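A.B. asks: Single-letter residue listing:
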Amino acid sequence: MTDYLVFRLYAPLASWGEAAVGETRPTASYPGKSALLGLVGAALGIRRDDDAGQKALREGLAFGVKQRSSGTLMRDYHTVQVPPAKAKVRYSTRKDELSIPKGDLNTILSARDYRCDGLWNVACWLKPGAAWTLAELRQALERPYFCLYLGRKACPPAVPLSPIVVACETLKDALDSEFPPLNGRSDAGEKALRPSKRALYAWEGEIHRLDGSAEGVEHNDIWDMPLNRRRWQFGPRLEYRRVMQDKEGR
Amino acid sequence: MSHFIQLHLLTSYPPANLNRDDLGRPKTALMGGAKRLRVSSQSLKRTWRTSNLFEEALAGHVGTRTKRLGKEVYDQLTKQGVKEKTAIASAEKIAGVFGKLRKVGKGEAHEFEIEQLVHVGPEEREAVNQLITTLAAENREPEDSELKLLRHRPAAADVALFGRMLAAVPEYNVDAACQVAHAITVHAAEVEDDYFTAVDDLNMGDEDRGAAHIGEAGFGAGLFYTYLCIDRRQLVENLNNNQELADKAIAALVEAAVKTSPKGKQNSFGSRAHASYVLAEKGNQQPRSLSMAYLRPVNGQDQSLDAIQRLEVQAQAFDNAYGDGADSRFVVSAEPAYSAPQLSGDVTQGSLDELLAFLRDQ
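Chains A and Z, in that order, give the protein sequences. With UniProt numbering applied, the first sequence corresponds to residues 1 to 250, in that order. With UniProt numbering applied, the second sequence corresponds to residues 1 to 362, in that order.
No lab work stands behind these hints: they were computed from the structure. Take the hints with a grain of salt, since some may be wrong.
As the list claims (entries may be wrong) - Quick partial rundown of chain A residues pointing at chain Z, CB under 7 angstroms, derived from the structure:
| # | residue |
| --- | --- |
| 1 | LEU13 |
| 2 | THR72 |
| 3 | LEU73 |
| 4 | TYR77 |
| 5 | LEU98 |
| 6 | LYS102 |
| 7 | GLY184 |
| 8 | ALA192 |
Unchecked claim - What follows is a list of derived Cβ distance ranges for each label pair:
| # | chain 1 | residue 1 | chain 2 | residue 2 | range |
| --- | --- | --- | --- | --- | --- |
| 9 | Z | ALA221 | A | ALA52 | 33 to 39 angstroms |
| 10 | A | ALA20 | Z | SER328 | 37 to 43 angstroms |
| 11 | Z | ASN284 | A | ASP3 | 23 to 29 angstroms |
| 12 | Z | GLU192 | A | GLU215 | 49 to 55 angstroms |
| 13 | Z | GLN342 | A | ASN106 | 48 to 54 angstroms |
| 14 | Z | ASP194 | A | ALA111 | 24 to 30 angstroms |
| 15 | Z | ALA137 | A | GLU136 | 50 to 56 angstroms |
| 16 | A | GLU218 | Z | ARG65 | 57 to 63 angstroms |
| 17 | A | GLU215 | Z | ASN284 | 43 to 49 angstroms |
| 18 | Z | SER328 | A | LEU98 | 33 to 39 angstroms |
The structure displayed is predicted, hence computed values, not measured ones. Ideal Cβ placement from N, Cα and C applies to all residues, glycine included.
Start from the sequences and build out the full structure, keeping to the hints where you can.
C.D. replies: Next comes the structure, spelled out in structure tokens:
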């Protein structure tokens with residue numbers, strides 16, 4: 001038996017950033033390690049420039065994700081007006097920046113991808129020497145230090161994360177944990193989300209971790225292991241994935 | 001102190017094109033499998049940040065734009081009896097922190113003028129004044145260590161609320177204390193097309209009676225749900241523990257969110273609107289938006305009242321299922337048919353002014 005902290009993620013918009021340089025900001029279909037570490041780190045109040053705290057997070061926690069719905073892809077066309085950079089001019093407010101002659105303003109374009117209506121269960125377990133207990137993590141998620149968000153600050157959770165600590169035989173059992181109905185009532189608000197009948201499980205650690213079998217498991221390196229939050233550097237980690245019939249699927 | 005302040009707004013817009021995509025049409029998103037109109041959080045924040053209301057509320061905390069800081073330092077120092085040579089050197093050094101000094105021409109009086117207008121925050125001015133007092137008392141020039149007058153966390157409430165990211169100088173970065181979600185309609189909506197023509201007034205129609213211009217413009221009307229969450233603790237921290245300014249910033253933000261609208265295509269649509277319903281929540285619990293209330297699109301004749309009812313039922317359902325989502329709540333309603341909140345617990349109903357008082361930290 002292993003203890004897991006399990007919680008649920010839903011928001012009308014979420015964005016699980018992938019490697020991005022420049023004007024295209026793509027999203028994965030489910031949260032990666034850096035997004036989940038960021039979420040738990042925000043709840044604990046660990047700042048991006050707190051190198052020791054970030055290291056403890058990275059080395060202490062491991063995650064598995066069950067994707068019940070990847071949601072639909074939305075591409076947001078985004079423009080930002082910016083004044084030209086002048087070394088000796090400082091703008092203190094946005095109004096200040098935009099009050100220069102209109103012709104001098106430049107426009108930056110970017111295309112930002114989001115997932116609409118995605119639904120994910122997340123299980124977190126501790127690695128030896130972890131700096132926190134699962135109960136502490138649970139408490140932090142319930143009373144977070146910083147605002148939580150699903151990948152981007154503009155994507156607040158739209159359902160309480162409802163973190164629980166469970167002892168399970170397998171990771172799959174933990175990820176299959178039951179949650180209260182999505183809208184908190186008994187009628188099926190979830191129908192509107194149309195969760196997939198086939199769930200995607202993704203996890204780190206060992207290939208057998210999910211349910212003891214390695215059958216149908218695919219894996220590759222994902223470059224989302226945060227190495228330095230200040231410099232925005234990421235290293236590779238091995239991720240395992242398997243698509244299975246979801247017993248909760250309707 | 002309540003850690004989080006959450007605001008849920010319902011605002012109804014007539015036909016409008018508030019926030020455009022790359023084709024110039026209103027932005028949309030899917031929710032609950034139904035297409036909705038959308039206004040991006042970036043568009044909302046820009047509207048609020050650049051509103052007069054926001055600037056006026058924070059008057060006195062937005063700093064001074066000046067070229068003349070050096071002259072002021074020089075005058076102060078000489079008035080307090082500092083030697084001419086020391087005063088000149090000090091004024092040059094201090095003004096030099098804020099910007100490059102203009103070269104003085106032949107026969108011209110030395111004004112220690114900065115080449116461009118620079119923005120000097122109130123606490124930066126305060127630091128300069130303190131330094132002047134020290135220098136005058138000790139009759140000397142400032143040392144390098146004393147010239148660190150630029151503050152990493154300016155008291156500009158704008159930056160404290162919405163953050164700042166400077167890739168070149170990361171130590172000046174400020175994490176936003178306010179989280180804003182994209183606003184979406186509570187109902188399903190399609191973007192409609194306005195086919196329009198324009199006549200040429202000087203065309204007498206003798207030969208050609210056609211229009212001089214034809215075009216198409218996308219638009220949509222809808223009742224939007226907007227959610228924002230203010231992390232009061234972080235806001236106060238960003239403002240160097242200035243509680244009073246934090247309260248002012250929150251009040252300005254809330255008033256801007258309730259009363260101002262994105263300005264996209266205002267000349268064509270004149271679509272300004274005030275929120276018709278506001279639910280504010282205070283507490284330390286994990287914040288969550290209430291967009292779930294509209295996962296199934298609202299449809300029916302009484303949209304506004306239905307939307308309010310759904311929002312309150314949803315907040316109550318979350319409370320029942322997961323425990324209270326907030327310690328206290330406040331409702332402002334401008335919907336004529338609305339009578340009283342259907343929420344249990346500590347709930348008050350009142351005006352916007354009373355809401356602002358409710359949000360002030362007691």
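A.B. asks: Now tell me if each hint is right for this structure.
C.D. replies: So, going through the hints one by one against the coordinates:
{"no.": "1", "hint": "LEU13", "result": "6 angstroms, holds"}
{"no.": "2", "hint": "THR72", "result": "5 angstroms, holds"}
{"no.": "3", "hint": "LEU73", "result": "10 angstroms, violated"}
{"no.": "4", "hint": "TYR77", "result": "4 angstroms, holds"}
{"no.": "5", "hint": "LEU98", "result": "6 angstroms, holds"}
{"no.": "6", "hint": "LYS102", "result": "13 angstroms, violated"}
{"no.": "7", "hint": "GLY184", "result": "3 angstroms, holds"}
{"no.": "8", "hint": "ALA192", "result": "4 angstroms, holds"}
{"no.": "9", "hint": "Z:ALA221 x A:ALA52: 33 to 39 angstroms", "result": "53 angstroms, violated"}
{"no.": "10", "hint": "A:ALA20 x Z:SER328: 37 to 43 angstroms", "result": "41 angstroms, holds"}
{"no.": "11", "hint": "Z:ASN284 x A:ASP3: 23 to 29 angstroms", "result": "26 angstroms, holds"}
{"no.": "12", "hint": "Z:GLU192 x A:GLU215: 49 to 55 angstroms", "result": "52 angstroms, holds"}
{"no.": "13", "hint": "Z:GLN342 x A:ASN106: 48 to 54 angstroms", "result": "49 angstroms, holds"}
{"no.": "14", "hint": "Z:ASP194 x A:ALA111: 24 to 30 angstroms", "result": "26 angstroms, holds"}
{"no.": "15", "hint": "Z:ALA137 x A:GLU136: 50 to 56 angstroms", "result": "52 angstroms, holds"}
{"no.": "16", "hint": "A:GLU218 x Z:ARG65: 57 to 63 angstroms", "result": "59 angstroms, holds"}
{"no.": "17", "hint": "A:GLU215 x Z:ASN284: 43 to 49 angstroms", "result": "46 angstroms, holds"}
{"no.": "18", "hint": "Z:SER328 x A:LEU98: 33 to 39 angstroms", "result": "37 angstroms, holds"}
When the structure is compared with the earlier hints, violations turn up for hints 3, 6 and 9 and for no others.
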